[in-house]
Amino acid sequence: MRPRQTLIERFSTFLQFEADHFQNWVIEPQLRRSIRNCRDQLPETEVSENYWALYWHKVWQVQPDSLAREHLAAYVQEVCYWVAQKTTESFAMTQYGLADCFQMAIARLDRVLKGFNPDLGGNFKNYASATLGSLIRESLRQRREIDICSDWALLRKLSQKRLTEAFQNEGLSNSTIASYLLAWQCFKTLYAPKKATGTRKLPKPDPQTWAAITQLYNRERHAQLDFESPSANPDQIEKWMERCARAARTYLYPNFVSINTPKSDQDSGDFLDNLPDSTQTSLLNQMIDVEEARTRETQKEQLSSVLSEAIVQLNPQAQTILQLYYQARLTQQQIADQMSIKQYTVSRRLVKVRETLLRKVAEWSQKTLHISPSSDVLKYTGPILEEWLEAYYGRHEPLSPENVSAE
Amino acid sequence: MPSNSVIFDPTQINLDIDSTLQTQAWRQSQSLSTPSSRWNGYLNLLCLNTILPWLREDYDPQIEPALSASSLLSIWEIVNGVPITLGSNRLILIPTESIDLDEIRIPQEWVDIPAWIGDYYVFVQVNPDDGWVRIAGFTCHRRLKQEGRYDWRDRTYSLDDSDWIADLNVLWVSRQLHPEEATRTAVPTLDALSLAQANNLIQRLGDPTTPNPRLSLPFHQWGALVSHGGWRQRLAESRWGWQVQGTVLQWLQTGVTNFAEQIGWGRMEFQPGLSAARGDEEPTTAIALSRQLRIAGQPYELRIRPLDGDNGRAWRFELQNLTPGGLIPAGFVLRLLTEDLQPFEGNEDTADRAVEQLYIEVALDPGEGIVWEIEPIPNQYDQEILRF
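Protein chains in written order, with the working numbering: chain A, 111 to 517; chain B, -14 to 373.
One thing to keep in mind: the hints can contain errors.
Result set (DSS-like, lysine-lysine): computed pairs, CA atoms no more than 25 angstroms apart in a straight line [to be verified]: (1) A/Lys349 x A/Lys304; (2) A/Lys235 x A/Lys489; (3) A/Lys271 x A/Lys311; (4) B/Lys130 x A/Lys271; (5) A/Lys477 x A/Lys410; (6) A/Lys314 x A/Lys304; (7) A/Lys224 x B/Lys130; (8) A/Lys349 x A/Lys311; (9) A/Lys489 x B/Lys130.
What the hints contain is simulated information worked out from the structure, not anything from laboratory work. Note that the structure is a prediction, hence the values are computed from the model and not measured.
The shape of chain B in the complex, shown without the other chains:
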């Protein structure tokens, strides 16, 4: 068999899939619910984990997936594609196992859900048998909306091979020399779902015998459901047959679940009010839930702790800089929202000058879900529902 170099177009990149990585990708994908979603996860992992090291080495060491590994799995449970962050641009990798490249189909989610849109869409042919991936070309959101044919049957935009740009160098050079080029087109916002609607849909679509949840309800509803990271996660977990995640109080008392740990949550002991503890009294230790974040290149920590012991009604959310002596720059916002993303009174704290800490104290009902947000957006941020 002739080697790849003979048979491939020399202007296109083809990369070998590392065999250890292939085994790993297969194992990781097995947690998904159906043979198709497992296969989808596998192809996406092969694509991401082969392309990322190359992009980092040859283009930009800062390139990373736009979401954490656990959030990505919940995406692959329902749809094909990987978002990655490239400086201020978002790039969506669309793997395909098709032998011919007469067309590429891009799931509507990546094109019409405002928060999911990419600047660029990169098409990647994946061949697990021979162990290679090939970059087949790219387009941008604007062109995809212009030239793509929408197919209501499978809810994809399809592009013919003559409508995308095969040479990825065009992306790098135009991005550098012509940064003003518009990559995106505006799309209409999706009407928000109520909590009751969302619960209802998650229950219905969370059954893994529903083979294609993305096609089982009108797009505007589906889009609104999965663009909420927390609801998408709940939907995926339900399809995976996971136990309900438990409450923050339970995490504090009996330990953080595996999943929460994967996202980065952990228990920590600390001394509240350090300055007050300078007196003679023995400092008391308290326990909090904490998670490290990276925001604008700096490490921060988000802490959640109960204010009234085991009662579990009053809570304090705190954000602080982890760099010794570091402050929170002016303009940062810490915000809490209800599970269906509604604001409430006293739900945010803004740094109008550099401060040591941003904090919010709230009283919550048992079982209530809270979603936190920070501006600027932390790396790999995905909305998550914390249950109290």
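So here's chain A without its partners, still in its complex pose:
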């Protein structure tokens, strides 16, 4: 992949795949105009790309439907590519290529936008990278699971939201969707696994069960559907359920092109091209405010020393696990093997260590920044902690596992 060179490119171009390989960067003219405009408003200061990302993120918070989202979508393209590549390499899964993984990640951009808090001085790219990585892994896990489920098992293992979106994706009408969902609810109410395991192989219901499902549907439709709907017969209900399963499977592979381009028609001017000038100017000024930047740097350093100190105070086993995990980059299973403990012990210890560190950060920000450690604040602190751990251990030489003494 050819990395993008200029700031303007980074916030206005989208990656194109040819088969499973990088092809080129495609410029989005509206975005290019927009970023140029903004840049021209700034004095001749050198502003880092992270500051631009933070700026667009702030704009996105004020105006979720503005071009800001698209600028950020353009910006994460590279990160997304590298994360996708790393994941495909480490998984060696033949059925999903680089482009698939890229697509899984970019489709969840809103998760990154919603989860990031620019006020805490984090690095947007790092945050995006970590979040997209876990989103890809989660998608892969889901796909693997869905691929090995029978249709009937799958129907019991889908969220209503996912199923509804799958129907919308197929362009079904609202009333059809409502009928299908009701039938699906009836199916789930009356058909459950009858064995403790092996639920993925759930067989097709017997005719009696189909009859009962149909009966329930025909009774419930009067109360549950807010339109006149004809009664259904068991064959129909069965077909509907097959259709549900098919829609859910198809929905896993959304059309690639539709996702990696800005949401609406480029020329229609649907986007709010710009924020009111005053808002924009104040956000821009805030961004390059030297004073604020300096304060932020100081805070970052303080936080870093608080955490380094906390790590030294951890017990030796916890320190070893952190080293093996973040520095030697072993999986939890590999750590377990090396330390002769169970994998779930590693997972639990890691979670416990993070709790200790999260508490340190919370106490520090309560004392120094007078930020009360509410769950709303802490929810954004976790990812910053993660980012810090990555950076802290990343500074050291990549460690070969043998050099870490298992306590």
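Using the hints provided, position chain B relative to the given structure of chain A.
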């Protein structure tokens, strides 16, 4: 297949389900009435019995289910979810078998029945095939009421994955460092049902061929019915096809039923009026029904005995401390209510100073139901109807 650790988000906890425990959970859930309720009970048991040992070991050894095992079964007969007690907080585990976590649906019962509300709701993905559970995240009641979308069709509040907090550490740390954070929002109380209404509903919904009792009547009625532990139990028992539980007098005469025994009731012989028996007369033994309770960390005993032999009209309820020499602290209240939870004259005894015993003597009609209450609330307390 890659191991869980590779594929899961490292900040989230995933726990292996013990295989013995899995077999046990399956067996226990088979007493429920329909394939769906059995499956629901099974998932909830897997979730509870896997998570509880971990919480006890890593966080707080005192953590326990908010209800006894038998009360929980009657909950799972009708709805998904497990309440557990965490210090002064109540936490509701919501298991899901969904592969995707695009949303979680929380049954309205846990959100809008005042006595059922939790401070926190913890979402748990359960995979019985591969034998693991994963903590997907949590929210609190306040946020759930704010951000959850209510769906009248299945009576749930649904939350999108971006609206809950994935990292459970946030719960522990905020609870410790920011305990003043409001976790709950007030909800309107539910109008009480009369005994006749309740009997009627239990008869109608107690038929196991009614597939989804929770959706078969308006929520305010349903909520009022099942928030009464005794009525919920009667409803579940009816769906399970159980014999009527029998009266306290029958329990005393012919033995306590299995179910009553599971809750903790047993027959005991004792000598009434020990102090009077110091004389020359041979002390007479009497028989009583007793049940041990844990209140504010101390063991107590609730005793029920007939005052007029086999006549079965006059009864005495007694509460005493089981610790040798232990008293009942000031402020404790023992209270009796009618089956539909109405007070009556002389229905309570309050300790205005530390006393040896709290007691109430009542005359009851044959077949009358009584619900006992104690303040402070005993561990795992659930209203139960004692039939006389």
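Hint numbers not upheld by this structure, sorted from lowest to highest: Violated: none.
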